[in-house]
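Enquirer: With these hints in hand, go ahead and build the complete structure from the sequences.
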Amino acid sequence: WRAQPLMGPLAGGVALVLSVVALLLFLALAAASFVRWQRHPQAWLDDLRHPVRHTFIAAIPISGLLLTALAAALDLRGTPVVVAWWAASLLQLAVTVRLLARWWQPGGLPWAGITPALLMPVVGNVLAPLGGVPLGQVVWSAAQFGIGVLFWPLVLALVAVRLAVQGPWSDRLRPTAFIVIAPPAVVGSALLDFGAPVLLAWGCWGVALFSLLWAGGQARGLASVPFA
Numbered sequence: 746w747r748a749q750p751l752m753g754p755l756a757g758g759v760a761l762v763l764s765v766v767a768l769l770l771f772l773a774l775a776a777a778s779f780v781r782w783q784r785h786p787q788a789w790l791d792d793l794r795h796p797v798r799h800t801f802i803a804a805i806p807i808s809g810l811l812l813t814a815l816a817a818a819l820d821l822r823g824t825p826v827v828v829a830w831w832a833a834s835l836l837q838l839a840v841t842v843r844l845l846a847r848w849w850q851p852g853g854l855p856w857a858g859i860t861p862a863l864l865m866p867v868v869g870n871v872l873a874p875l876g877g878v879p880l881g882q883v884v885w886s887a888a889q890f891g892i893g894v895l896f897w898p899l900v901l902a903l904v905a906v907r908l909a910v911q912g913p914w915s916d917r918l919r920p921t922a923f924i925v926i927a928p929p930a931v932v933g934s935a936l937l938d939f940g941a942p943v944l945l946a947w948g949c950w951g952v953a954l955f956s957l958l959w960a961g962g963q964a965r966g967l968a969s970v971p972f973a
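So the sequence shown is numbered by the numbering used here: it starts at 746 and just counts up by one.
Across the chosen pairs, the derived CB separations fall in these ranges:
no. : residue 1 : residue 2 : range
1   : Leu945    : Arg781    : 40 to 46 Å
2   : Leu835    : Leu790    : 19 to 25 Å
3   : Pro750    : Trp856    : 45 to 51 Å
4   : Trp789    : Leu769    : 20 to 26 Å
For the record, the hints were derived by calculation from the structure and aren't laboratory data.
Computed from a predicted structure; not experimentally measured.
Quick reminder that beta carbons are idealized off the backbone N, C-alpha and C, glycines included.
Expert: Spelled out as structure tokens, the structure:
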């Protein structure tokens, strides 16, 4: 949507279509997840206890933050959107606090669980300004943004140590390497929303480009090893 000044009204039309598709997919997946929770509650508990899959619970508030950001970009900024943004923002914070409490327990974060997927529940907080700033929630957006920026390098350091000590992940976890691209890319966009100098955003996008190259190398070069 923001590309319209450079790319013309076609960019806005494409953004609108993609927004509708994203909303429909979110509603379909949310309904399917609710049915799964009703019929197979033990499967939900197993996911929450799994060393890797438990991090994907953060996909729920992350989706909410992204959808409200889309709504704000489309000039849909009424009370329902603001309420939805607050719900997603606070749920993201709750997920962060809950999972950090789990990780800091003895044995709470085994080597098997240290993958780029750890970025989702903690660094997902940097998404708050994308919708929060245009919706007028600047102060809280900045506070939540700070949480994500704090944990971004910490999780990357954990991932680097995991690779150095335990070696690469199994083949089925190769796609998680591309998660490292999202934090610097989103941080750069959020800085622009806060009115930061453009060069700071370009610096973040440079990190995102490097992350893309690294993730591509990991996806091609990871050896098949047991998931341990």
